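Asks: We have chain A already, so just place chain B on it with the hints.
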Amino acid sequence: MTPRQKRFVLIGLGLVALALAAVLVLNAFQSNLVFFFTPTQVANGEVPQGRSFRIGGMVEQGSLTREGDGLTVHFIVTDMAKRVPVTFKGILPDLFKEGKGAVAQGQLGADGTFLASEVLAKHDENYMPPEVADALAKAKAAGAQSSSTLVVKPQ
Amino acid sequence: MIPEIGHFALILALCVAVVQGSLPIYGAAVGSSALMSVAKPAARGQFILVLLAFCCLGYAFAAKDFSVLYVAATSNSHLPLHYRLAAIWGAHEGSLLLWTFILTIWMVAVTLFSSHLPEAMRARILGVMGLVSVGFLLFMLTVSNPFERLIPAAVDGRDLNPLLQDPGMVMHPPMLYMGYVGFSVAFAFAIAALLGGNLDAAWARWSRPWTTAAWCFLTVGIALGSGWAYYELGWGGWWFWDPVENASFMPWLAGTALIHSLAVTDKRGGFKVWTVLLAILAFSLSLIGTFLVRSGVLTSVHAFATDPKRGLFILVFLAIVIGGSLVLYAWRAPRVGLGGGFDMVSREAMLLGNNVLLLAALGAVLLGTLYPLFLDALGLGKISVGPPYFDTVFVPLMTPAIFLMGIGPLAQWKKASLPELAMRLRWAFGASVVTAVLLPFVLGKWTPLLSLGLLLSLWIVTTTMVNVRERVSHLVGNSFISCLAALPRAYWGMVIAHCGIAVFIVGVTMVKGFEVEQDLRMNVGETATIGGYTFRFDGAQEIKGPNYLAARGTFNVTKGGREVTMMYPEKRLYSVQKQMMTEAAIDSGLLRDLYVSLGEPLENGAWSVRLYHKPFIDWIWGGCLIMALGGVLAMSDRRYRLAGRREESPTQAQPQPLGPEVS
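Taken in order, these protein sequences are the chains called A and B.
Take 1 as the starting number for the first sequence in my numbering and just add one per residue.
Take 1001 as the starting number for the second sequence in my numbering and just add one per residue.
Quick caveat, the hints were computed from the structure, so don't treat them as lab data.
Wrong hints could be hidden among the right ones.
Said to hold, decoys possible - If we take Cβ atoms under 7 angstroms as the criterion, some of the chain A residues that face chain B in the derived model are:
hint, residue
1, Gly14
2, Ala21
3, Leu24
4, Val25
5, Ala28
6, Phe29
7, Asn32
8, Leu33
9, Val34
10, Phe36
11, Asp69
12, Gly70
13, Leu71
14, Gly90
15, Ile91
16, Asp94
This structure is a prediction, so every number in the text was calculated from the model and none was measured.
Backbone N, C-alpha and C fix where the C-beta goes; we use that ideal spot for every residue, glycine too.
Here chain A stands alone, though its shape is the one from the complex (with noise of 0.2 angstroms):
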């Protein structure tokens, strides 16, 4: 082969490897992505069925139970406008609180309980996620509700 041949396939080659670890890491990014949605959102019925998404929102006050052992725990998150209870198995995080914001991943089980396999709270005192910020500003302007009560803080 000549040098210019020699050129050409090693560019070749490269190529291919290129466009091989772009179908390889797009499939993957496809199908990993995870979507947000609001506790409205949920409610209307927007949200994928069998696929893992995150909602977001405040955790209501006096929502918050745990079953017999220890772990479980039931609570209810809220946009001001809809709520959304969701169960979780597992030690919450430290930041986890009554009255703050919280996202939780997880699917939407038949019943309407949402199923979390994760919750993050992994912030400080006042910080707000801004998803859940976000989430409560929607909601606010969607004009569901008039609460003048709920101070949103986002650092």
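Replies: The following block gives chain B in isolation, referenced to the frame of chain A:
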């Protein structure tokens, strides 16, 4: 008064940086020795000034001067002194000061270890670093001043985020920044070469130790961060593919590619243009990483500031640095030349393969990290990309890279023969495959990934052994040991760094394959058994720390009736920020970690508890440290020290007759 001195020192440093960034570069262009000689004293002066500013901020923290806004925001009078000092880089403004301080440290290092460089080269390198420094100092002085006053002064500070009150905070950020900023030296070398138009093997040899040094720091910095997350966050994970982690991992990938590409430029004079591009890329990613993490674009414990003015400045700065260097690259790179040719089967080709794979991995991480941000910025919805994506992408990309890693060091430069390589490696390959297939059965469980992981690490170790043996057999020496000692340090550095990867892979594979995690409720006196260890919960007591209250659990761990250890996990409530923190108790060992953390208190003194048994997890960080050690060894090779004295004037690439030797 002291904070004003610091502020003033920063302003002076900016003036010096402007001089350092302009006169020497101009001097190099017109060949004025007088102008070029400004670079060295300017760099040292700037170091002194930034050091002064840094000390002033440190003093403000030590003296609890809550009239300084930054001090009031990130510390508290009850915070112990070492954390008050670490709080210097506890938030945005101080981290930038640390960044700039470290940049000046690297500058001084360049002035100290560059006596062998041509004067124009040195002037340009220091000039480029001065320009980078101008950007950072301007940023601090205009929108992000750590010395800003708070009037009237706060009675007490808001305290450091409890997550950051940890020994990891003292070490992790400075190490990481030494790595990030260290790439500015490689970047400055590349820009200097583009400006000067002379990019040759000598250039590569000069910049190699600097790049390796930065890479070592970055490796250690990332490992420290990972270890910190492991014990501090209470989740027992060591890597979450969190955007902030990715932000530090991307420069690492680019830096690793750069190290290997520099090896080709150094030994064979090839890959020149590519090497320069990688140097620009590595530093650009460091910059993006710094800003991404600290600017508040990413939501995490690392992010503090959200100020639109800052965002704009950052964008403009990034555009100037990255855009400017790419324009220069496009303009000057054709002058640099392509370097020697090579065959499709040769060490060059394999290193090229390594580079392509590393960059593909980098691209994948970049996509997964930035795509959600773009989508969000465009208002197209909120998504997140989970760890499964990165796991699925990484394994198939790294597998061929590691396969090449075994062959590459054995292949000849320019032209190698595949059948011959196969002959030399047949035993290594056979032994690796057989062991990798059988070993999991011995360990009690077989999965494809387990075998693959073991195969990759065995492949690295066995091929390395073949390589060392062949190298020794070429030498004429008295004993095997003296032959080993006669091999150059750069070679040993490569061997050790590659073995570090093997150790790392063993750690990851074993943890993924055999870890046991259990969340459960434990009453006082109750026991639970995982991984052969029995944990007995002996209740929790209240204890009082300097700035927190804690419940401390007592666990008695036994194995087969014999006592192993006592473990004391804590749940802390930090009084100032009213924040709960989990302090896991970890019993580390060479072959396994035991990990206990407290969940929530339940009725009658019972707690929800998290118990982990993590085999080989310390190998993950051990592997990283071994990699860094290899880097240090490679840097200390005599050829880097002698090279300069031997050739004052840069020469063209000369093929080295010595044969296999890389990195």
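Asks: Can you give the numbers of the hints that this structure goes against, from lowest to highest?
Replies: none
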